[in-house]
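J.: Note that the protein sequences, when read in sequence, are chains A and B.
Note that this note's numbering has the first sequence beginning at 1, numbered continuously upward.
Note that this note's numbering has the second sequence beginning at 1001, numbered continuously upward.
Because the hints were derived from the structure by calculation, they are not lab data.
Any given hint could be a false lead.
To be verified - Facing chain A, according to a computed beta carbon distance under 10 Å, are these residues of chain B, among others:
#	residue
1	I1074
2	R1131
3	Q1190
4	S1194
5	T1203
6	L1224
Stated by the list, open to error - Straight-line alpha carbon distances no greater than 35 Å define the calculated DSBU-like cross-link-like pairs of lysine-lysine that follow:
#	chain 1	residue 1	chain 2	residue 2
7	A	K65	B	K1255
8	B	K1255	A	K79
9	A	K79	A	K56
10	A	K56	B	K1255
11	A	K65	A	K79
Just so it is clear, CB atoms sit at the ideal spot from N, CA and C, and this is done for glycine as well.
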Amino acid sequence: MTDQEIIDRINEALAEEFELEPAAMTPDATLYNALGLDSLDTVDMVIVLENAFRFKIREEEAIRKISTLGDIHRFVIGKIREREAPPG
Amino acid sequence: MSAGSETLPRKAGVATAGWRRFRPAAVLMNLWVYPLLIAWTLIGIVLLYPATWILARLFLRWETARISRHVTWIYGRGWLLIIAPFVQFAREGFAENRPPRPCIFVVNHLSYFDTYFMGALPFSNCVFAVRAWPFRTLFWYTAIMRLSRYLDVESLGWEATVEACRREMAGGAVMVFFPEGHRSRDGRLQRFYSGSFMAACATGAPVVPLCIAGTDTLLPPGRLWLQPARVRLRALPAVDPAGFPGELGHVALRKHVKALMASALREMRTEAAA
Chain A
1 MTDQEIIDRI NEALAEEFEL EPAAMTPDAT LYNALGLDSL DTVDMVIVLE
51 NAFRFKIREE EAIRKISTLG DIHRFVIGKI REREAPPG
Chain B
1001 MSAGSETLPR KAGVATAGWR RFRPAAVLMN LWVYPLLIAW TLIGIVLLYP
1051 ATWILARLFL RWETARISRH VTWIYGRGWL LIIAPFVQFA REGFAENRPP
1101 RPCIFVVNHL SYFDTYFMGA LPFSNCVFAV RAWPFRTLFW YTAIMRLSRY
1151 LDVESLGWEA TVEACRREMA GGAVMVFFPE GHRSRDGRLQ RFYSGSFMAA
1201 CATGAPVVPL CIAGTDTLLP PGRLWLQPAR VRLRALPAVD PAGFPGELGH
1251 VALRKHVKAL MASALREMRT EAAA
């Protein structure tokens, strides 16, 4: 998948789950202010991403540092590239 | 309107514009209800709670949390009496859809007074699972929240909330969630948080959808002025979480229940407008 395809899938999954306006979903949109999410949504967000990309991220420390939609994009792209990298 | 949110017909008969808010019935209502509610609250703190605590400990051997929840339920019943001259209140669906025990009630949220109408539930041993603010507000509010062992889901997080639900339901309680998390500002059903549905799937407790209508006419968010209203509380058939297996079962359960409630609320509003 290209980076843009990953971003599109992330945005589609989050928009569907949290009933977000696509126009508001810019990379610099903050989760808690611009997008109106809160700490109670974190669990659902993790589940949505895990389901969309078939990986496990709920134990990742990096999740706690996510504050914008762009952070999510970069985190997920990084996880996918890590998974695709040949072993060794 | 964001994609996926439920649209309800605009509410009818809401007298919110200008001078109509101050028609005689509304003025009388505010002069009647607020002083009586203050008096009822003082009676609750000074007389009802201590007397109930003593009697329930002596004769029923109830723990403090159980007693506190019972007092809260009686307080809600008192509220229903206070507003009776100005509010037509109807409880629907409880006879034909008798809520099982244990169960998890999920209620839509329109007004500050929605929780007061939970005094109409057939069970007094109700544990409210709510956001943090009631635990940090007026001192008697905080006291009753803590004494009743209600759940502050924001502080607990969902995992601990689910375990608390398991514990409380094992002790005979039913749970009450407002899955929207906030009062709706426009009458539309907002997106649901998953916590109550996670609890249902984890514990196997049925979800009982409760649809409340008319409280946004009674007291809209951000207002203090009460209006005469017709309020209905309708219980829908319980939904068994066993029908929603798998890791994402709670998501499917959440969407199913929300669709049921949206449909029922549309029907209730259409009936009210007719």
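J.: Are A/K65 and A/K79 close enough, with their CA atoms no more than 35 Å apart?
T.: holds (15 Å)
J.: Just to be careful, I want the Cα atoms of A/K65 and B/K1255 compared with a cutoff of 35 Å; is the pair within it?
T.: holds (29 Å)
J.: CA of A/K56 to CA of B/K1255, is that 35 Å or under?
T.: holds (23 Å)
J.: Would you settle whether the hint for B/Q1190 is holds or violated, based on the nearest Cβ-Cβ distance to chain A being less than 10 Å?
T.: holds (8 Å)
J.: Let me know if the C-beta of B/L1224 comes in closer than 10 Å to any C-beta of chain A, holds or violated.
T.: violated (26 Å)
J.: Closer than 10 Å between Cβ atoms is the bar; does B/R1131 clear it against chain A? Give me holds or violated.
T.: holds (8 Å)
J.: Are B/I1074 and chain A close enough, Cβ to Cβ, to be under 10 Å, as the hint says?
T.: violated (31 Å)
J.: Assess, step by step, whether the Cα of A/K79 is no farther than 35 Å from the Cα of A/K56, and give holds or violated.
T.: Holds, because 10 Å separates the two Cα atoms, which is no more than 35 Å.
J.: Taking the least C-beta to C-beta distance, is B/T1203 closer than 10 Å to chain A?
T.: violated (17 Å)
J.: Take a quick look at whether B/K1255 and A/K79 sit within 35 Å of each other, Cα to Cα.
T.: holds (29 Å)
J.: Using 10 Å as the Cβ threshold, decide whether B/S1194 counts as touching chain A.
T.: With a minimum Cβ separation of about 5 Å from chain A (threshold 10 Å), the hint on B/S1194 holds.
Consistency with the previously given hints fails for numbers 1, 5 and 6, ordered from lowest to highest.
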